[in-house]
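*Asks:* Listed here are the chains, written in short residue letters.
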Amino acid sequence: MIISRLVKDKLARYYMFVLTIFCLLILFIIGGGLIWKSWPIIKGEHFLKLLTTSSWRPFKGEFGFATFILSTLYVTGIAIIIALPFALLTSIYLSEYATKRMKKFFIPVVDLLSGIPPVIYGVWGTLTIVPLISEKIAPHFVDFSTGYSVLAGGIVLAIMIMPLIISIIIEVLSSVPTEMREASYSVGATKHETIIKVLLRKVAPGIFAAIILAISRAFGETIAVLMVCGNFTDLPKSIYDSCYPLPALIANNYGEMMSVPKYESALMFAALLLFVIIVLFNAVSRIILNHVEKRYQ
Amino acid sequence: MTNTNLSDTLEENPVNIKNIKPHLICENLNIFIQGNHILKNINLTIPDKSITCIIGPSGCGKTTLLRSFNRMHDESTEVKIEGKLLLDGLNIFDEKIHVTDIRKKMGLLAQRPCVLPMSIYENVAYGPRIHGMRGRKKLYGTVKHYLMAVGLWEEVKHRLKTSANRLSIGQQQRLCLARGLAVEPEIILGDEATSALDPISSAKIEELFCELKKQYTIVLVTHTLRQAKRMADYVAFMYMGELVEFGNPEDVFNHPKQQLTKDYISGSFS
Amino acid sequence: MRKAKNILFKILTITSSVFILTLLLFILYIIVRKGLPAMNWDMISKIPEGGFYLGKAGGVLNAIIGSIYLVGGAVIISILISIPVVMYLNFIIKKNSIFSRFARLCYDILFGIPSIVYGAFGFTLMVFFGIKASLLGGMITIALLIIPIMIRSIDEVAYMVPRDLIEAPKSLGATNYETLKVLVRQLLPGITTAVLLSIGRGIGDAATVLLTAGYTDSIPTSITQPAASLPLAIFFQLGSPIPEVQNRAYASALILTILILVISFTARYFSKKLSKHI
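Residue numbers (the numbering used here), protein chains in the order written: chain Z, 1 to 297; chain W, 1 to 270; chain L, 1 to 278.
Wrong hints could be hidden among the right ones.
[Claimed, not checked] Not close to chain Z: a few residues of chain L, all C-beta gaps over 12 Å, as computed: (1) I44; (2) E49; (3) K56; (4) I65; (5) Y69; (6) R101; (7) I131; (8) L165; (9) I166; (10) S171; (11) D205; (12) L211; (13) T212; (14) S218; (15) S252.
[What the hints assert, rightly or not] A short, non-exhaustive set of chain Z residues, derived as facing chain L with CB atoms under 7 Å: (16) Y14; (17) T90; (18) P139; (19) T190; (20) M257.
Source of the hints: derived by calculation from the structure; they are not laboratory data.
A virtual CB, placed ideally from N, CA and C, is assigned to each residue, including glycine.
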């Protein structure tokens with residue numbers, strides 16, 4: 001009797017251990033797999049040339065990733081610049097000013113925003129943001145814009161990453177003990193002074209980590225940006241020009257890649273680029289956040 | 001022990017406050033937290049330039065009372081306050097008065113030292129800067145003066161720009177004191193300010209209080225009777241939200257007028 | 001002056017919050033406004049009939065069922081993997097050991113990997129194993145996507161379980177495995193919320209299924225057949241030049257949005273209701 005219980009116990013333990021290791025390994029298998037698949041193109045071309053040329057003609061064997069890398073950077077940059085002020089102010093409101101009732105009401109709102117599927121943001125972006133840019137905003141600055149642009153991608157992305165930044169900042173702000181706020185009030189500081197000079201300073205690493213996480217999220221967002229960015233392989237010269245971020249490249253061309261040599265490698269290389277940067281950013285920001293929130297100690 | 005009995009006895013035996021110069025006066029102070037009547041009809045006079053120790057069993061409301069002095073309860077939505085708190089005659093709950101001005105006049109030293117996330121120098125300079133002090137020389141002078149006043153200067157003068165977190169807990173508490181003094185308050189409030197410290201740091205802080213009472217009015221909530229016996233010029237004993245007895249230590253400890261006080265001091269409950 | 005700054009700052013934070021609220025409402029409003037006119041019973045009860053993509057009859061039932069199959073399968077796979085992992089990390093090995101911290105870091109990183117990378121990897125796996133674009137391929141890829149989500153959600157709850165609760169069964173003589181069976185019951189609300197969260201994420205994601213599940217107008221009858229999904233249905237229909245088809249894209253978007261809202265509210269309701277029993 002007891003022996004079979006012990007056997008079950010041992011088996012269960014073994015099973016759990018294997019799965020835990022397996023899930024860990026997924027991370028490394030993905031990395032390894034992507035490296036292996038993109039090896040032909042890394043080996044073939046000069047690495048720097050791959051990253052800096054913008055000529056993309058797969059059927060001629062030309063693979064210059066500059067357009068895609070720059071598009072990703074531009075779109076993400078705009079997204080962060082737009083999202084950060086709103087996210088910061090809103091999380092400060094929710095953490096420091098809002099009553100319990102307001103919090104109960106607002107937090108689901110933020111959660112809902114983050115739960116909306118990317119494809120819906122893409123539809124919405126096509127319906128509202130794209131015409132807004134082509135009809136109301138761009139005419140002030142350029143001769144012509146279809147609206148499918150860097151700016152459109154940036155705006156849609158900004159809304160998509162706001163909930164993430166908000167939830168992290170609220171989390172780190174709530175980890176600051178009340179005593180610290182009271183210490184500031186005790187010398188006669190106002191709430192605003194306490195927030196800016198004491199609280200934000202205390203959670204600055206956490207905010208930094210939130211930004212990094214948001215950037216990595218923006219880097220990888222595929223479908224929403226794809227639907228509003230234009231997908232032209234030319235280098236965007238202004239924010240009203242079309243752009244072509246890395247995820248969109250992969251998503252749009254996976255079907256054709258089998259027909260051309262090295263095309264598959266090129267797309268996998270794009271995926272690898274995303275993977276490496278995102279893994280790095282996530283690792284750094286998680287380590288910072290664990291430290292700030294003093295988790296697992 | 002009902003409410004009416006207490007107020008009767010207090011009237012029959014009025015506290016001897018004839019020769020005290022009052023600094024802070026509680027008039028019929030009642031505080032309700034989440035509907036619970038925490039402080040009941042407190043009438044207390046805090047004498048000027050002396051140390052008043054508030055003693056009593058845990059839960060009797062002494063911290064609530066202390067925190068009402070610098071209007072810390074403003075930050076909480078669940079607290080209702082009735083009555084007056086007169087500082088040099090002016091009711092601090094008056095709407096025309098800005099809470100930051102009141103807090104400037106009171107320095108609060110909490111139980112666990114909480115240094116601000118900045119350097120030692122900036123911690124002390126924080127208060128003065130907020131209230132408008134400018135100029136490097138002036139600020140430096142202020143910081144140095146108050147760090148010296150709490151006996152920290154020699155220990156930290158060579159590392160003023162380092163983070164305040166690196167200090168020991170005793171040093172941190174002294175830093176908090178310096179920070180509170182730097183805005184030039186009139187009253188210093190201590191909420192069991194030494195209970196988290198080791199005996200040596202504790203003694204240092206007590207020493208400082210005894211020095212400071214020459215210039216400031218000090219109100220301390222103490223958790224040990226021994227500390228009150230050591231330092232107090234006046235003692236206030238509280239029980240279940242009411243002020244039971246008030247007087248100088250000689251009277252309260254050796255000749256207590258209330259049975260409750262007698263019981264507490266003899267250790268029947270704590 | 002200081003008082004003015006204080007009040008101004010508060011107003012600024014409130015304005016920002018109201019703005020975000022308005023944004024959410026606006027997004028929902030647009031989806032409803034464009035989707036409602038094109039909604040009809042056919043949309044959710046019929047698969048595309050001949051000429052659907054030219055504007056004629058049919059609906060997106062293929063996509064609805066396809067999505068349900070895809071996410072359902074993925075969730076089952078994930079539960080079978082995530083729960084043992086969380087159990088192991090929290091109740092078998094020492095809670096804050098270096099290994100568990102490293103593992104959690106890795107899972108957090110996996111959590112942040114975008115769905116397109118999972119899609120590309122899933123595609124590579126399928127080519128490697130000779131699996132064609134199908135329900136199976138999609139399920140595996142979505143499972144890869146949601147395993148980190150589940151691990152993270154359940155871990156948050158499991159981490160909070162007090163020491164005595166873990167030790168109580170053991171002190172009665174139960175083995176580790178038997179203790180876990182008790183603890184799973186304790187964690188059921190957390191697991192339910194995690195599952196709902198993962199469903200929400202999985203059902204709305206396009207990049208995972210784009211490269212792995214294929215697309216078809218019919219409802220798959222076996223795991224090796226390709227499957228349509230709602231996000232792709234929306235995407236493809238939107239790209240059509242024919243206005244009727246575009247309108248149907250909006251209707252499909254509305255269907256997906258309603259599905260997500262229902263899942264979100266259910267998750268919220270469950271997590272509140274079940275946590276009362278703890």
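*Asks:* Which of the numbered hints are not met once you compare them with the structure shown?
*Replies:* 6, 11, 12, 13, 15, 16, 18, 20
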